[in-house]
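Top line first, the protein sequences correspond to chains A, B, C and D. Sequential numbering of the first sequence, starting at 0, is according to numbering that gives the first Met the number 0. Sequential numbering of the second sequence, starting at 0, is according to numbering that gives the first Met the number 0. Sequential numbering of the third sequence, starting at 0, is according to numbering that gives the first Met the number 0. Sequential numbering of the fourth sequence, starting at 0, is according to numbering that gives the first Met the number 0.
Just so you know, these hints were derived from the structure itself, not from any lab. Note that CB positions come from ideal geometry on N, CA and C, so glycine has one too. It cannot be assumed that every hint is accurate.
Claimed, not checked - Think about it this way: if two alpha-carbon atoms lie no more than 25 Å apart in a straight line, the pair counts; the simulated PhoX-like pairs of lysine-lysine are: (1) A:Lys84 x A:Lys291; (2) A:Lys255 x C:Lys206; (3) A:Lys291 x A:Lys28; (4) A:Lys84 x A:Lys114; (5) B:Lys167 x A:Lys255; (6) A:Lys28 x A:Lys114; (7) A:Lys28 x C:Lys206; (8) B:Lys67 x A:Lys28; (9) D:Lys491 x D:Lys436; (10) D:Lys204 x D:Lys151; (11) D:Lys436 x D:Lys309; (12) A:Lys244 x A:Lys255; (13) D:Lys412 x D:Lys436; (14) C:Lys206 x D:Lys436.
To be verified - Cβ-Cβ distance ranges computed for the label pairs, FRET-style: (15) A:Glu288 x C:Val27: 43 to 53 Å; (16) B:Arg65 x A:Phe2: 52 to 62 Å; (17) D:Ser402 x B:Ser62: 18 to 28 Å; (18) B:Phe3 x D:Gln224: 52 to 62 Å; (19) A:Lys291 x D:Glu492: 27 to 37 Å; (20) C:Ile70 x B:Ser62: 44 to 54 Å.
What follows is each chain in one-letter form.
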Amino acid sequence: MDFVSFVLNLDRRVIYTIVALCVVVPLVKPLSLPIDTTPEVEGIYDVIEQLPAGSHVLVAGDFDPASKPELFPMLEAVLAHCFEKDIHPHLLTLWPAGPGLMQRAIENQAAIYNKQSGTDYCFLGFRYGSAAVVLGMTGSVTETFTTDFYGTPTATMPIYEDVHRVADFDYIIDLAAGATVEIWIAYGAEPQGVPMGASCTAVSAAGYYPYLQAGQITGLAGGMLGTAEYEVLLSRNYPDIQGDKSRPRPTGEATKGMDAQSAVHVFIVLSIIVANVCFYLSVRREREERRKA
Amino acid sequence: MLFFKRQWPVIVAFVVGIVMWARYYIPTDESQTLQDEFTRWARILVGFAAILGILSLLHHHVSKIRLKKPGFGFSYITLAAFIVMGLAGLLPISWRWLGFAGMQIHGEGPWNWMFNNMFVPMQATMFSVLAFFIASAAFRAFRARSMEATSLLLAACIMMIGRVPIGKWIADSVTFFNTPEAASWLLNIPNAAAQRGILLGVLLSQIAIAVRIIFGIERTYMGGGD
Amino acid sequence: MTPGELIGIWIAAGLTLMMFSFIYRDNVFFKFGEHLYLGVSVGYYINIQYWQVIVPDLYRPVTIDHNYWVIIPAILGIFILLRLVPSLAWLSRMSFALYIGGFAGLAIPNVIHSIFLRQLSETLRPFAGGWGEALLTMVLFILFFALLAYAVSGGGWIAAVGTLVMFGVICLGIWLNWMVAIDINQVIILLGVFTVLIFFFFSLEHKRLVGGISRVGLFFIMVSFGASFGYTVMARISLLIGRFQFLIDDWIKRAMLGQ
Amino acid sequence: MRRSWLVLLAILMLLGAFSLSLAQTTDEPPDTDAPDQEVGAPVEPGDEEGQEPALPAEDVEEAGEGEEEPAMEAPGDEEISAGDELAGEEVAAEETELEEPGLGTPGGGLVLPRPNQVEVFDVPNDGGAGLGVLWYWDGATSAQTRIYIEVKSSPELLDEYRLTDDEWNRLSRELDALEADLRDILPVRNAARAETVELDIALRKAIADESPEAARLRREYWQKQIVENERMQTRRDKLWDRLQRRTGRSSAGDDRLPLLEKYQAFRYLEAAFAQGEWISTNIANVNPEMIETKADYPDLFGLDPEEADKLYAAVNSLRAVNPAAIGEELFVNAEARYDYQAPNTVSIPLTPGVHYDLRMVVMEGELIQTHDLGGAATRTNYLDRSKLNNLIFAAVFAALILSAIAIARRNPKMFIRRISGLEAVDEAIGRATEMGKPVLYLCGLDPLSTLPTIAAVNILGRVARRIADYDSDLLVPCRDPVVLTVAQEVVKEGYIDAGRPDAYREDNIFFVTDDQFSYTAATCGIMMREKPAANFFMGYYYAESLLLAETGASTGAIQIAGTDALHQLPFFITTCDYTLIGEELYAASAYLSREPMLLGSLKGQDIGKAMVMLLIILQTLFFIISANWNWLRMLVEPL
C-alpha cells in the first residue's frame, strides 16, 4: 500500500484522534500566540469606548447554548466594558433558549462590578416575536417589556427615566446566532437612526460584510476570533477590574481557545492540500492504467 | 361555513397586510398607535404558536408510547425530563431541603441547575461533534473537482490560516505569505460584493413572497384541509 | 465547591460524553441523551413561555392594569392551538392570516427602506477622483473581467494569455499610480455585484457574453462561499474547543483533581 | 415577444425614474431623497428645555431699549429643525418690503442686516406641523449677530390649545383622583427623603469614626431609603402612569398633545400672551452663520434649486417660559398636591390647520431690529413624502410581481433559461442505469409548507420520470410524513407519465424518523449498504449536510445538490459534482413545474434585478460622462 492510497483510505478514527489532540494539547499547554485585532472588531470596541458614562446601550443576546463558546465570552466582555465605563447595558434576548445564559452573564458581571439592577443595568429577559418585539420597542420599551426577567415592572425603574424607545439608546449591539442582525437593522437601528454593532457566530459572519461595507453596522465580531479580539482589546485597555490593581482581569475564554483553533485549522488546511494532491495523483494513475489496458 | 374556512383568512391577511403596509407612509400618531397595537397582538400570537410546537412534540411522544412504535422506550425519558424540568420552574415550592437556594426560575434553583448542567452541555455538544466530521471530510470529500470548487477551497484555506493567530505568526516570519491581509481583503471586497448581490436577490424574493401573501396567492400558511 | 456543583459537573460531563458517542455511530447512549435533551428543552421552554409571556403579557395586564384588550389576541392564540384538533383546525387560519398578513405588510416597506435602498445606494456611491481616472480604471477592469470570462467559458489559450496580460497591465497601472485617486476596491465591488446579479438572472440564456459574465459572478460567489466555509469550520471547532475547555477545566481539573 | 415586454417595462421604469429626478430640479419639488438624519434633527443638540430662562432675559436687558421688547421669552435655544418636505404649493410667499433702517450705528458704521425677499410656507413635518422661512440678507451678518423668529399671538391661536369642557372634566377628575391617592404617599416619602439625607450624613460619620452606632444607622438608612422612600416613589410613579394612560389623548383626535401637556401649553401660552404680543419659537438666539441654505435641503427644494444660496429655517414649535403664577385652578400648589413640578420652559408643537404670523428679530450687541415676515397656515400631512421613493418602488414592484403571475397563468411557457444542473441530473441517472445501482433522492429536512421543499418535490417529479425511462430504482427516505405522501404521489405520477406504472414501487419511498440526527444516521446507513450510483440532495438542510455529503462522496456516488441554505452550500459545492445555488433551485422547480405562481414571481424578481443592474450601468456611465452627475443614487437614497 503506497502513500497515496494510504491517505485516501485513512481511517476516520485516526483523523478524529488527531483533531482531539490538536484541541487538547494547546488547551493544556498553551502557546499564547499573540492575537491581532482587526478594524472590524475595533469598530465595536471604539464606539463603546467613546460613549460617555451614563449612556444607554442595548445589548441583544440572541443566541442559545449551542453557540456558547463563541458568543457567551463576547457577552461577558461587552457587559464588563459597559460596567467599566459606567454605561448602562439593557440586556434582552429574542431567542427562547437565551435567558438562562443571559442571566448567568449579567449576574456574574454585575456581581464583579457591584452594579444594581434597575439603576445601573436592566435584564429585560425574553419575549416571543423577534421583529414584533423590535417594532414594539421602537414604540415603547417599557410597554413591550412590562416587566424585566425577574418580574419587576420596568416602568418604575430609574434607568427608564430617560430611555423610552429604541431611538433613545446610544448604541445597539446584537450578539446573534441566527438571522436577528437583519431584524435589528431593518426594524430597529436603521429606521431609528441608532448606530449598531454586530457580533455573530462564525457561520454567518461572511454574510454581514455588505452591512459593514455600507456602514449599517459600525463593527462586526465574527465567531470566537472576534470575541478573542474584543477580550484582547478590553484587557489591553483595562488590565485591572475598575482600575483596582489587586483584581487583574482574567484571560478570556475565547482568547484561551485560539491556540487550539490555530492547530486544528492548520491540520484541516494540510489535510485538504494533501488529500487533493493524492486524489490528483490517484486519478492520473488510474488514467494511465486504463490507457495501458 | 366554507367562506369562513377559505376566503375569510385571505381577506383578513389582505386587509391587515395592506393597512400595515400603508401606515408606514402615514406620519400621524394614529398610524404609529396602529403599529404598536398590532405588534403587541403579534407577540401574544407568536407566544401561542410556540406553545403549539411544544404541545405537538409532546403529543408525538405520547402517541409513540401508546402505539408502541419502535424506540418508544426513549419517549418515556423525554416525558419524564419534561415533567421534572417543567415542575421545577413552575411550582412555588422552596427547594431548600435539596440544597438549592432559589425557587422557580429565580436564583440557583433546580430549574437553573438543570439548565446549566443538562440543557447547556447537551445542546453545545450536539453541534461540536461536527468539528470531527469536518476534519474527516477534509480528507475524504473536499475535492477540487471543478474551477468553482478549486477557487472555493483556495479562498477557504486562505481564510482558515489568515484568521487565526498562527497566520499572523507565519506572516511575521515569511514576508510574502501574508494570509491575514489576504483574508481581510477577501472578506471585505469580493465577499462583500458577492454577498451584496445575493442579498439584493434574496430581498427581492422576500418582498415577492410578502406581496404574494398579502394578495392571497401564496397560502401555504393556511395548512392543509378544506 | 458545593455538592450541587460537583454533581452538576459530573452529570454535565457524562452527558457531554454521551453526545460525543455519536462520532462512533448512532447508538443507545446518544439516543438516550438526545431524548433527555428534548425533554429538558421542552420543560425549559414551557417555563420561559409561562414566566416571560403569559405572566407579563396576559396575566399582569388583566389582573393589575385591568387592560382587557389583551383577551382578544389571547382568544386568537387559543385558535392557533386548535390546529391540534382536526375538526377545528381551520380556526387557526384566522390567527395565522392576521399575523402573517400583517407582517408581510410591515416587512415590505421596512425591508425596502432599511436594507434594499441602503445597499443599492451604497453600491451606486460615486467614485472618488476624476472622470479620466475612473474611465481608465473601468475600461481596464472591464477588459480584464471580459477576458477572464471569455477564458473560463472556453476561449482557449489566447484568452488565457490575454487575461494574464491584462492583469499585468493593471498591476503596472497600480504600480505606476495611473489610477491614484480611484478606489480600485470599489470598482471590484461594483463589478462583483453586477456579475452576481447576472448569475441569478433567469431571463437570459447563459451563452456567450452573458455566460461569461455569469461565470465571473460565479467566481465571486465561490470566493464568498470559500470565506464562509472557512468561517464555518472555525465555528464548529470553536464549539469543540468550548466542550473540551469544560471537560479539562471544570471536570478534570476542578471536579476530579480539586484544583 | 417574451422578452419584449420585459424590456418595455424596464424602459418605462427608467423613464419614470428620469422624470422623477428631473422634477427635483424644478422649483416645485415632489422629491424623494435626503438622508434621514436631517429630518427634524437638531443641528446643535445643546440646550434643552428646563434651561434657566434667566439667560435670555439678561440678553434682553442688555439689548436695552429696543423699539419693541424682543424675545422676552426666548429660551436661548439653538435648535434648527429642518422641515421635512415642502407641501405642494406655497401658501403665502410674500416678499416683504424693507422697513425703516434700524437704530444708529454706534459701533462705527455697523448696520444690522435685514431679511429680504422673504417667503413663508407650510412644511409638513414628520408627525407634526411646521413653517419654513426663506430669505436673503440685506447687509452683512457677523459672528455676534443673533436672530429670533417669533409668532404673533392671537385669541384664535390660544383657542387651539384650550381644553373643551369634556376634556377639562376628564382631566380635573383624574387629577382629583390622583391627589386623593397621593395624599397617603407623599408625606411618607417626603419625610423619608428628608430623613435619608440626615441619616446619610450621620451614617458616613459613624463609619468614618468606626462608631458602634453604624450598624443601627445602616439599618435605619436602609429602612428609610429602600422601604419608605423607594417603595413610595414606585407607588407615586404608578399613579402618574395611570393618569397619563387615562388622560392620554384629547378626544378631538386632531391634536397631538396629551391632555395634561395641552392644558399646560395653554396656561404657558396664556401667560406669555399676557406679557407681549409676540412669542418665541424654536428659532431663537441663532447665529445667522449657522443657518443653512436651500442647497442643504435637496429633499425640500430639489437637487439644483433656483436661488440655491437662499437661507432657510423651519419653525416647528413655540417656546413659552414658566409663568410664575401658573397657578389657576388645577395647578395651585401642584408640587404638594400632585408631586408635580412645572418645567421652566415648554416646547409646544405647532398645531396643524392654524394660521401663524411670523416676525424676525435681528440682534447684535445693543442693536435690535424687527421685521415682519408675513404668515402661513400649517396643514396636516397624511403622506410622508420623504418615503415617496420607497412607496413608488414597493408599488411598482408589487404590480410587477402580480402582473407577471397573471401573465404566467395565461402563458405558462414563459422563458426561463436552461438550468445546467438539470442536465447533470439526466447524466447521473444514466450512469446509475449503466451500473445497475439505485438512485437516492432526499427532499430536505423542512416540512412541505416551505419553498425549498416544494421545489425539491417538483424536481423529484422530473427525476422520477427519467428514472422510469431508464428502469432503475429510486429510493426516497423522508423525514416528514406529509412530504412522504406527496412524494409518493409525485413519483407515481412520473412513472405513469413515462408509461411504466408497473415499475413503481411504493416501498421505496418511505418514512424514516422525524428526528434530525437519527434521520441522518439512517440515511447514511442506506448509502453505505446500497451504495447508490447517484445521490440527490434537494431542499433545505441544516448541520447534517456535511455528514450526508461526505458519506455519499466516500461511496463514490455522483452527487447533485440544490439548496438555498447559504451556510450549507459551501459543503455541498466541495463534496458534490453539481450544485444548484440558492435561487437556482427555485428556478429549476419553476422551469419544471411551470406553476404560474413560481414562474411569475421569478419573472417579476428578474425585472427587479434588471432595474438594479440598469441603475448600476447608468450610474457608471453618467459618472464617466460627468463626474458630478449623481442623481441616480439620490433616487434610491433611503430617507
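Hint check results:
1. A:Lys84 x A:Lys291: Not satisfied, since the Cα-Cα distance of roughly 75 Å exceeds 25 Å.
2. A:Lys255 x C:Lys206: violated, 52 Å
3. A:Lys291 x A:Lys28: Status violated; Cα separation ~53 Å.
4. A:Lys84 x A:Lys114: Between Lys84 of chain A and Lys114 of chain A the Cα gap is close to 12 Å, so the pair holds against 25 Å.
5. B:Lys167 x A:Lys255: Given that 25 Å is the threshold and the Cα spacing comes to 17 Å, the pair holds.
6. A:Lys28 x A:Lys114: Violated, at roughly 36 Å.
7. A:Lys28 x C:Lys206: violated, 57 Å
8. B:Lys67 x A:Lys28: It is violated: about 51 Å lies between the C-alpha atoms, which goes past 25 Å.
9. D:Lys491 x D:Lys436: holds, 20 Å
10. D:Lys204 x D:Lys151: Violated - the C-alpha atoms of Lys151 of chain D and Lys204 of chain D are around 58 Å apart, more than 25 Å.
11. D:Lys436 x D:Lys309: Violated. Lys436 of chain D to Lys309 of chain D sits at ~81 Å, over the 25 Å cutoff.
12. A:Lys244 x A:Lys255: Cα-Cα ~22 Å, so holds.
13. D:Lys412 x D:Lys436: Judged against 25 Å, a Cα distance of about 35 Å means the pair is violated.
14. C:Lys206 x D:Lys436: Measuring from Cα to Cα gives roughly 35 Å; hence the hint is violated.
15. A:Glu288 x C:Val27: 43 to 53 Å: Between Glu288 of chain A and Val27 of chain C, where Cβ atoms are some 45 Å apart, the hint holds.
16. B:Arg65 x A:Phe2: 52 to 62 Å: holds, 57 Å
17. D:Ser402 x B:Ser62: 18 to 28 Å: For Ser62 of chain B against Ser402 of chain D, whose Cβ atoms are near 47 Å apart, the range 18 to 28 Å is violated.
18. B:Phe3 x D:Gln224: 52 to 62 Å: Check passed, 59 Å falls within 52 to 62 Å.
19. A:Lys291 x D:Glu492: 27 to 37 Å: Because 48 Å falls outside the window, the suggested range is violated.
20. C:Ile70 x B:Ser62: 44 to 54 Å: violated, 32 Å
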